[in-house]
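Novice: Could you put the whole structure together from the sequences, leaning on the hints where they help?
With full-length UniProt numbering as the guide, the letters of the sequence shown map in order to residues 1 to 128.
I should point out that these hints are in silico values taken from the structure, not numbers from a laboratory.
Quick caveat, the model's predicted, so the values are computed rather than measured.
Everything hinted at is true.
Listed next, with one range per pair, are the computed distances between beta-carbon atoms:
| id | residue 1 | residue 2 | range |
| --- | --- | --- | --- |
| 1 | Pro51 | Asn114 | 15 to 25 Å |
| 2 | Ile115 | Pro42 | 18 to 28 Å |
| 3 | Glu113 | Pro88 | 31 to 41 Å |
| 4 | Asn80 | Asp45 | 11 to 21 Å |
All C-beta atoms, glycine included, are put in the ideal place defined by N, C-alpha and C.
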Amino acid sequence: MSRPPKPRNPVAKAVRRMPAKVVPDKRRKLMEQVQDDEPESPLADMMPVHPLMASAWVGSVRYALTRDDVMATFREETGNQWRPGRTPIDAMIDQTTGAALDFIRAFAKWHNENIWGEVDGKPEDITD
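Specialist: As structure tokens, this is what we get:
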């Protein structure tokens with residue numbers, strides 16, 4: 001006696017036939033949506049436009065913020081003596097008043113003038 005044929009699953013067949021482009025297209029749409037939802041950086045107008053120069057600029061700013069001699073020179077030249085709060089309540093006050101944002105914008109402006117270099121008030125960038 002022979003066995004009856006196995007039933008075939010039409011859904012599994014359809015899934016196997018789906019083009020491979022479905023996943024990358026969906027991923028691309030999600031990435032575009034995420035990029036559209038991201039807020040603009042508060043330093044966007046102070047950084048270079050070219051992506052490679054922008055990443056180098058961010059690295060330069062981050063490194064300069066860790067250097068005691070650079071920070072001492074910045075504080076001496078600008079008179080900006082702000083330091084991050086040591087307690088959670090201080091951090092909340094700084095966030096509410098915008099003190100940290102004011103500090104980083106002032107530091108980025110000073111960094112562009114004294115470390116990175118400026119052309120016509122904008123950071124130097126790659127020329128096309």
